[in-house]
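Order-wise, the sequence lines are chains Y and V.
Using the numbering used here, read the first sequence as starting at 49 and increasing by one per residue.
Using the numbering used here, read the second sequence as starting at 197 and increasing by one per residue.
Hints in this document: simulated from the structure, not taken from any laboratory.
Every residue, glycine too, gets a C-beta built ideally from N, C-alpha and C.
Just so you know, not all the hints are guaranteed correct.
[Said to hold, decoys possible] One-sided and incomplete, this derived list gives chain V residues near chain Y with beta-carbon spacing under 7 Å: (1) P350; (2) A351; (3) A378; (4) S381; (5) R382; (6) P404.
The lines below spell out each chain.
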Amino acid sequence: MFIYLENASYTYNLNMPFETKALDSINLSIDRGEFIGIIGHTGCGKTTLLQLLNGLLEPTIGHVFIDGVDIHQNKKGLKEIRKKIGLTFQYPENQLFEESIYKEIAFGPRNLGITDDLLDERVKKAMKMVELDYNQYKDRSPFELSGGEMRRVAIASVLAIDPEIIILDEPTASLDPQSHASFLTLIKNLYQKYHKTMILVSHNMDVIAELAQRVLVMEKGKIIMDSTPRNIFQESVEQLEKIGLELPQVTYVMHRLKQMGKEVNSGVLTIEEAKEEIFSILKVKKSNNEIF
Amino acid sequence: MKFFRNLTIGQYVHKDSPIHKLDPRIKILTSLLMMILIFLTESWWSFLIIGFFFTVNIWLSKVQIKYVLRGLKPILVLIILTLFIHLFTTPGEVIFQIGVIRMTWEGLSRGMFIAVRLFLLILTTSWLTLTTSPIALTDGIERLLSFFKIIGFPAHEIAMMMTIALRFIPTLMEETEKIIKAQMSRGADFESGNILKRMKNMIPIIIPLFINAFHRADELAIAMEARCYRGGEGRTHYRALSFKYLDKVFFMIISFTIALIIIINVV
Ligand SMILES: Nc1ncnc2c1ncn2[C@@H]1O[C@H](COP(=O)(O)OP(=O)(O)OP(=O)(O)O)[C@@H](O)[C@H]1O
Ligand SMILES: [Mg+2]
Chain Y
49 MFIYLENASY TYNLNMPFET KALDSINLSI DRGEFIGIIG HTGCGKTTLL QLLNGLLEPT
109 IGHVFIDGVD IHQNKKGLKE IRKKIGLTFQ YPENQLFEES IYKEIAFGPR NLGITDDLLD
169 ERVKKAMKMV ELDYNQYKDR SPFELSGGEM RRVAIASVLA IDPEIIILDE PTASLDPQSH
229 ASFLTLIKNL YQKYHKTMIL VSHNMDVIAE LAQRVLVMEK GKIIMDSTPR NIFQESVEQL
289 EKIGLELPQV TYVMHRLKQM GKEVNSGVLT IEEAKEEIFS ILKVKKSNNE IF
Chain V
197 MKFFRNLTIG QYVHKDSPIH KLDPRIKILT SLLMMILIFL TESWWSFLII GFFFTVNIWL
257 SKVQIKYVLR GLKPILVLII LTLFIHLFTT PGEVIFQIGV IRMTWEGLSR GMFIAVRLFL
317 LILTTSWLTL TTSPIALTDG IERLLSFFKI IGFPAHEIAM MMTIALRFIP TLMEETEKII
377 KAQMSRGADF ESGNILKRMK NMIPIIIPLF INAFHRADEL AIAMEARCYR GGEGRTHYRA
437 LSFKYLDKVF FMIISFTIAL IIIINVV
């Protein structure tokens, strides 16, 4: 087991008139090699949960174990933890500050004491992972980039630390459709090509359905479902809708087709699968036509 | 990380009480007058009356004592320090003496007096800020200052700046915390090293903070212009302040109290 949360709760502004309980007795274990999607209504505690995972917040009750070690027992170890667990926040482009993209991406590894050739290598590799051309971009100022490019730089700056696990908080929020699509490929590559353990928070169910292997559904600071996307989007439709969440768009299409009397599998999650399903019923029709 | 977690801006505590409902102008003026009296008076009786006045006031406001005490905490050291300085430096009848250090009765009484004076000053400002929301405060200040508009004093602009600043302090603090966390996720260390190194470590926080603040200022300016904001000329208020029955009653009480204190001091 890689990360283990034991009965972890977190309350903001503890003992103040406006305290808010953001997480309530979370028990969660995450293994290496997983791709976890987290969904939930706004304010349900997703971002708070992510911050517990890399030790930015200390649970008010409960413990966080990483590789079997309680990370808040030894505060000096937290930097090591952040080397293993890379976290990017929502709108990471708001944290850029360096004069060149090279320096920006080198900030992370430099903080961890990496220098010279090794540093170059790290930066190059990180830029390759986010598909930014090293020679073309390295000397440009991060502030003259487009929003999508800035976000790539920000994510690269975390990737350059070479973490084993990458946690992304709404990486595709407010991107145009084209960058959205290329970000999906990028995230997929991080998992498939670079073998990172991934945790992804998104409000976009299509993204979650397409990428995640395990989905956590959160509501009011609790994890109320923890299963495969197929189980969740197929079997818990009412429950999801009750807490204000949607299904992936194609799943809706398939549900409608089924209502219209077509023999389709309504548990379809991705456009690829939907295509196959629709082709298959069309083929059946065709052969039927041939018979009559 | 415990950066700003314990910091609240403005210590306003919302309660449904007659004191909270008072017109901010009357509260600001009361505080000002009380502070002047506290500074000028030389009589314990005045302190007693003022202390009684605010005790009743705070009781009426339903604000828990712990918030009042929290306001006092930062200056507790100062109060104790003044007490001791007076205790040991005022000449007079000696209570006891060790070497050159001696304590006098005059020092004791003087020290106590100054300590109580400081205590009451803080109590006055706490009473005002605990029961008046920042927005009501700026509203009241604007109205009070508008008297000086005749001599060209930009009362509205100053009040608007204060309102905007108050509005954005929590936002900027939230943003600072977020940036700190983001940079810590990139391995930044804000807790070790000497002062010079620590200051240099602030750069990754300050630059994004400023950039974001400028963006925000820009957006706000455009949004205000889009809604035809043209300064204070001819502007009316959503919450028009007017003296109500409660304000009149309070006005009578405060006038009576102040008169009493002045009489005590003059006689
Ligand atoms: N710094 C903070 N101080 C006080 N309360 C906070 C803070 N951050 C979050 N909260 C509160 O904690 C709760 C959970 O917030 P969190 O940011 O984890 O939600 P979220 O699921 O990430 O929401 P979103 O989808 O909008 O990003 C919310 O009620 C929020 O108001
Ligand atoms: Mg969030």
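Right, here's what the structure says about each hint:
Of the supplied interface hints, the one on P350 (chain V) is violated, with its beta-carbon coming no nearer than about 33 Å to a beta-carbon of chain Y, more than 7 Å. At a threshold of 7 Å, the smallest CB-CB gap from A351 (chain V) to chain Y is about 32 Å, leaving the interface hint violated. Taken as an interface hint, A378 (chain V) checks out: its beta carbon lies about 4 Å from the nearest beta carbon of chain Y, inside 7 Å. With its C-beta approaching chain Y no nearer than about 4 Å, S381 (chain V) sits inside the 7 Å limit, and its interface hint holds.
For R382 (chain V), the suggested interface contact is upheld, since its CB lies about 4 Å from the closest CB of chain Y, less than 7 Å. Using the Cβ-Cβ criterion of 7 Å, the hint placing P404 (chain V) at the interface with chain Y is satisfied: the shortest such distance is roughly 5 Å.
In this structure, the earlier hints numbered 1 and 2 are contradicted, and the remaining ones agree with it.
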